[in-house]
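Peer 1: Sequence:
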Amino acid sequence: DVTDIPVRLAADETAHTDLDTVERIEMGYRAVALKPIAKTLSMTMKIAKAASDHSIPCFCADLTVNPVLVEWNKNVAARLKPFPGLDHIGLMESNGHQNYVNWQAMEQRIPFYKETWHEVKDGFYDTSDQFYESGGGIFDPIPYYEEMFNKKS
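Residues 454 to 606 (my numbering) are what the sequence shown spells out, left to right.
Since the hints were made in silico from the structure, they are not lab data. One should not assume that every hint holds.
To be verified - The following label-pair restraints were derived from C-beta to C-beta distances: (1) L516 <-> D540: 33 to 39 Å; (2) Q561 <-> D473: 17 to 23 Å; (3) V554 <-> P596: 19 to 25 Å; (4) G481 <-> R562: 39 to 45 Å; (5) P564 <-> D506: 18 to 24 Å; (6) H507 <-> P564: 35 to 41 Å; (7) S581 <-> G481: 26 to 32 Å; (8) R562 <-> D473: 19 to 25 Å; (9) P594 <-> M480: 25 to 31 Å; (10) F592 <-> D506: 27 to 33 Å.
None of the values given here were measured: they were computed from a predicted structure. All C-beta atoms, glycine included, are put in the ideal place defined by N, C-alpha and C.
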């Protein structure tokens with residue numbers, strides 16, 4: 454029970470399902486860290502709905518993922534209700550650039566790496582109309598990865 458702690462604590466990996474999420478909310482957690490990459494999209498949506506039904510904000514945590522999966526998380530984060538205290542924006546952790554030695558090379562492998570919605574500016578991603586219209590590029594073919602699976606032995 455964390456109800457007596459005066460700051461907003463987020464339930465994270467222990468919120469495996471929507472039922473776990475409700476249990477964590479009842480324990481006093483006042484935010485939920487969604488992990489869309491680690492869970493199915495359907496379970497992520499169930500967890501987000503359970504939190505929303507209890508007026509608990511969510512944000513996306515990235516698990517130190519590659520640039521393509523950052524876009525997956527960004528697609529979920531951009532559709533969440535704004536996090537309290539942050540007007541008009543969702544919240545997403547993104548730290549792959551701090552942990553992958555070849556981050557810049559990895560970014561250049563994806564066809565949308567020069568798009569404005571892919572770049573971080575002053576700590577923010579610009580999820581413009583183009584971002585929403587394109588799905589952030591996550592449905593586009595990515596030749597680098599396709600070639601990895603199409604190699605002839």
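Peer 1: Take the hints in turn and mark each one as holding or not.
Peer 2: Now the hints, each set against the structure:
{"no.": "1", "hint": "L516 <-> D540: 33 to 39 Å", "verdict": "violated (27 Å)"}
{"no.": "2", "hint": "Q561 <-> D473: 17 to 23 Å", "verdict": "violated (39 Å)"}
{"no.": "3", "hint": "V554 <-> P596: 19 to 25 Å", "verdict": "holds (22 Å)"}
{"no.": "4", "hint": "G481 <-> R562: 39 to 45 Å", "verdict": "holds (43 Å)"}
{"no.": "5", "hint": "P564 <-> D506: 18 to 24 Å", "verdict": "violated (38 Å)"}
{"no.": "6", "hint": "H507 <-> P564: 35 to 41 Å", "verdict": "holds (39 Å)"}
{"no.": "7", "hint": "S581 <-> G481: 26 to 32 Å", "verdict": "violated (37 Å)"}
{"no.": "8", "hint": "R562 <-> D473: 19 to 25 Å", "verdict": "violated (36 Å)"}
{"no.": "9", "hint": "P594 <-> M480: 25 to 31 Å", "verdict": "violated (44 Å)"}
{"no.": "10", "hint": "F592 <-> D506: 27 to 33 Å", "verdict": "holds (29 Å)"}
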